[in-house]
Amino acid sequence: MLIKRPYDIKSSEITDKKVYLNRRLFMRGAVLAATTVATGALYKRLNPPPPVTKPREKLAEVQKSAELAGVPPAGEKLTSFEDITNYNNFYEFSTDKRSVASEAEGFVTRPWTVSVEGLVNKPKRYDLDDLLKIAPLEERVYRFRCVEGWSMVIPWVGFPLSKLLEQVEPNSQARYVAFETLYDPKRMPNQSRGVLDWPYVEGLRMDEAMHPLTILASGLYGEQLPPQDGAPVRLVVPWKYGFKSIKSVVRIKLVEAEPPTTWNLQASNEYGFYSNVNPRVSHPRWSQARERRIGEYGMRETLMFNGYADQVAQLYAGMDLKRYF
Amino acid sequence: MKDTWFAKIVLFINSLVPLGLLGRDGYHHRLGANPLEFVTRTTGMLTLIFLLISLAVTPARKITGWNWLTRFRRMLGLYAFFYGFLHFVTYVWFDRFFNLKSTAEDILQRPFIAVGMLSFFLMIPLAVTSTNKMIKRLGGKRWASLHRLVYVAAAGGVLHYYMLVKSDTRLPVRFAILLGLLLGYRLFVKYQSSPPPPATIRSIPR
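These protein sequence lines are chains A and B, in that order.
Each residue of the first sequence is one higher than the one before, starting from 45 at the first, in the working numbering.
Each residue of the second sequence is one higher than the one before, starting from 31 at the first, in the working numbering.
In isolation and in its complexed conformation, chain B is listed as follows (with noise of 0.2 Å):
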């Protein structure tokens, strides 16, 4: 596909159409009896589907052989940043007003905000170090293996929507298991392409 740069206008702009809406919604008083508990839940739902769609793009990239996918990924999981931050900025704004203090109480009694906390954290790194320039300051091999913080943050992602459901467990339990697919392929494509080392050395007893 040579046409790359159209297609990100595209990706831009349909990753903001839900953002749009949401704000249309709340403009016309249409979020519900709960505005803020909507946006929370909006925002941290679209979270979780651009870490899910950033992190299908290497797998589908191996699978169709369409190496230019992988220029869209960056945009991904900047939008899943981008969400997070407004999922977060929702709780500390609306929830906490900004005190530190009833947020730090928060954290250390609701263990299910903590590990959201905490895998909204492990994507700040990701997200400062996304540029051109900081891939080449860092280098390839150390970039890369910084951004596998993403599968951290998106385990955690999952686990945080998990223990926060009460009863109805389907839907992420679902986010699990597309979670769980998308790094099962990673695991798989590993082990089978690295032949295993010769049975000879492994039987030395050290």
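So that you can see chain A by itself, here it is in the shape it has in the complex (with noise of 0.2 Å):
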């Protein structure tokens, strides 16, 4: 083969060696520079967005609450407020546990109302204020445990829901006490997907709803009650799985039979009515000995009725716990 040389490009004219070396490193690290930046970019956008972490308005006379003194977590580390209402399930807003906090955000939770009816002598439809009102606001601390697994421990604010109760006098016939959350998927996005029935419901006994531990929150910290957390007030029942504890309130029935709850209706199978906080009862996802406390990177064991047992065994006496989970 015969390879001519190109005498009619003069050698000042050929690219340096040196420069074509560079331009091609140069491009080389141009490109993967560039990949690399829109890689990290995909996986920013698909994780949660940054915590929430505005301050709310102050609740004013919050008294501790002091005819519980004694009851459980005493001297146990409360559980930040940043990680309280930056890791929270809310379906209404988002299933990632973390998105709920930006997506609640801007939750118009005035004017608010809660029907109080069913089975009751006096039925009534509060006003937001109105309700406040029944009872003195205490600080609750207790410990929160998430069928899932984790839990924490929270300075509620509230008042316990015999009070409310005590005024629309419960007639003979009810037994049981039906709660419901708000449904509006202009405000409450995610109901417009079918991850659930809407709207979410839950339900008592009537002994567990009179119980001086079962309370009606409105706060957390000393301040109002964030959307992510149940805003405006939300039903806290200490000794039972935390999606018990219905948020956002619109609706409180009382009932002669059993009412229907949001995830028994899901999955009969794996949550039961009562779902009462039960180490020796698994879940088919989540064994239930331990837990893991928000905060802390070791497990806990997890106690007999979240360490409830004192003041709620005798509620059940007599009753398979296995069956009835």
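Because the hints were derived from the structure by calculation, they are not lab data.
Worth double-checking, as some hints may not be accurate.
[Stated by the list, open to error] To give a feel for the contact side, a few chain A residues facing chain B, derived at Cβ under 7 Å:
1. Asp127
2. Leu240
3. Arg329
[Said to hold, decoys possible] Calculated pairs, DSS-like style, for lysine-lysine (alpha carbon to alpha carbon, straight line, at most 30 Å):
4. Lys166/B - Lys220/B
5. Lys98/A - Lys108/A
6. Lys166/B - Lys92/B
7. Lys108/A - Lys207/A
8. Lys196/B - Lys88/A
9. Lys61/A - Lys38/B
10. Lys88/A - Lys220/B
11. Lys177/A - Lys102/A
12. Lys230/A - Lys297/A
13. Lys230/A - Lys38/B
14. Lys102/A - Lys168/A
15. Lys168/A - Lys88/A
16. Lys196/B - Lys297/A
17. Lys196/B - Lys366/A
18. Lys38/B - Lys62/A
19. Lys366/A - Lys131/B
20. Lys220/B - Lys171/B
Fair warning: this is a prediction, and the values are worked out from it, not measured in the lab.
A virtual CB, placed ideally from N, CA and C, is assigned to each residue, including glycine.
Mind docking these for me? Both chains are given alone in their own frames, and the hints should help you get the complex.
Take a look at the structure:
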């Protein structure tokens, strides 16, 4: 093969080898940098948003609860405000626990009414402000145990549900209390997706609802409850798995028969009506023997009735808790 | 594409980006209230993503005719295994604290753990036999049939994810659809290219 040397190209026009190599190196560096940045951006996009840390309005006149001294979790460290308000199961806004706070930002909770009805002598539709004046607001530090195997210690602000029920005077037929969350897909965007049967409903037996530990909470850390934690008013039942503590309540109905509950409707073999915290009855996806306390790396043993056995065990005397899980 | 060497470096570094960012967020305490759950979820998700990308190589190659794509398949598969290994370690370390008895009990108690574990173990022989030497030693045909285990591992991985989700199954279902398309394409090609056996032979009763 004959190779002719290109005499017509002057040697001064030939790109210097060094320049050529530099350009190639530069191009490669640019490709590497650009793809890396793009991959990083994609990763960030698929990640949950940063936490929302907006302070809320302080609640006036919150008193420490005197009658409940000695109730657990005495001496346990409170979970941080940031964690309590940025790790939420509130499917009405998002099914990703870290995205609920930002999705729920700006959720309007005024005006708000709670209708108390059913088998009562004095049914009433309460305006939120009137509801919160039924009894003095008190701070209640409770353990909170999620069915998913994690737990927190939360300083709620609220008042016993029994005070409200006493006002409406349940009649002798009333045996259960049914609760309902707001249904408004415009304000709770994830309700337009069929993840659960909306609205979210929950229920308690009458004696559970009247128990002094059962509260309606409207605050957290002395401030108004943030939307992601169930504003403006939610139920808190500390000896049951978290999903029983229904959020953003608009209706409370006294009924005769055991009311349907959302997660039980979703999977009755996994979530019972009672759903008392019980380390001996495991869930098919989460062993309930241990829990991870948010803020800790190790695991804690889960306690019967979430550590409230002294206060509530008598409610279930003689009941087979494996069957009525 | 001649410059495979450089392209491999680009792929290698890009595949490490999620791990780097996860590490950085962890160092700055930005993994949320439950960092271990987040690390578990992210490494699991990355395992599935790399499994799907590595399974997409062959269909992409056949459709586009870009045979050089095959050269990236091994690295993608090894990354799937690498993230699967991190996922496995996070579970055994921070969920079970290296307690063999409690791990065994957990596998027996929770079917989704068993399915995930099995899928991960199926990937081990594939990672071990991924070198050129091993391909030669096994012989192309045997190697290829062994590596069909990746279909089972991927299906198991997606099933593991589906079983774990409480009620919002949108993401696992999307993974399942993608996997179905990738595996369906293979079946489609297989049955289209091999001519059906003559009818006379098939109709002879035996």
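Evaluated hints:
Annotation: Asp127/A was flagged as interfacial toward chain B, and the flag holds, the nearest CB pair being 4 Å apart, inside 7 Å. A least Cβ separation of about 6 Å between Leu240/A and chain B falls short of the 7 Å threshold, and the interface hint therefore holds. Hint status for Arg329/A: holds, given a least beta-carbon distance of 6 Å to chain B, under 7 Å. For the hint linking Lys166/B to Lys220/B, the alpha-carbon distance of about 25 Å falls within 30 Å, and the restraint holds.
For the suggested pair Lys98/A and Lys108/A, the alpha carbons sit about 24 Å apart, so the restraint of at most 30 Å is met. As the CA atoms of Lys166/B and Lys92/B are separated by approximately 24 Å, the hinted pair is consistent with the 30 Å bound. For a cut-off of 30 Å, the pair hint linking Lys108/A to Lys207/A stands: about 17 Å separates their Cα positions. About 24 Å separates the Cα atoms of Lys196/B and Lys88/A, which keeps this hinted pair within 30 Å; it holds.
Restraint check for Lys61/A and Lys38/B: the C-alpha separation of about 25 Å stays at or below 30 Å, so the hint holds. Simply put, Lys88/A and Lys220/B have alpha-carbon atoms about 39 Å apart, too far for the 30 Å limit, and the pair is violated. Annotation: proposed proximity of Lys177/A to Lys102/A holds, straight-line Cα distance about 16 Å (limit 30 Å). About 25 Å separates the Cα atoms of Lys230/A and Lys297/A, which keeps this hinted pair within 30 Å; it holds.
Using a Cα cut-off of 30 Å, the hinted pair Lys230/A and Lys38/B is violated, with the two alpha carbons roughly 48 Å apart. For the hint linking Lys102/A to Lys168/A, the alpha-carbon distance of about 28 Å falls within 30 Å, and the restraint holds. Restraint check for Lys168/A and Lys88/A: not satisfied, since their Cα atoms lie roughly 49 Å apart, outside the 30 Å limit. Taking the CA atoms of Lys196/B and Lys297/A, the gap is near 28 Å; set against the 30 Å cutoff, the hint holds.
Taken as a hint, the Lys196/B and Lys366/A pair is honoured in the structure, with Cα atoms around 21 Å apart against an allowance of 30 Å. Under the criterion of a C-alpha separation no larger than 30 Å, the hint pairing Lys38/B with Lys62/A is consistent with the structure, at around 25 Å. With a CA separation close to 24 Å, the supplied pair Lys366/A and Lys131/B stays within the 30 Å bound. With a CA separation close to 16 Å, the supplied pair Lys220/B and Lys171/B stays within the 30 Å bound.
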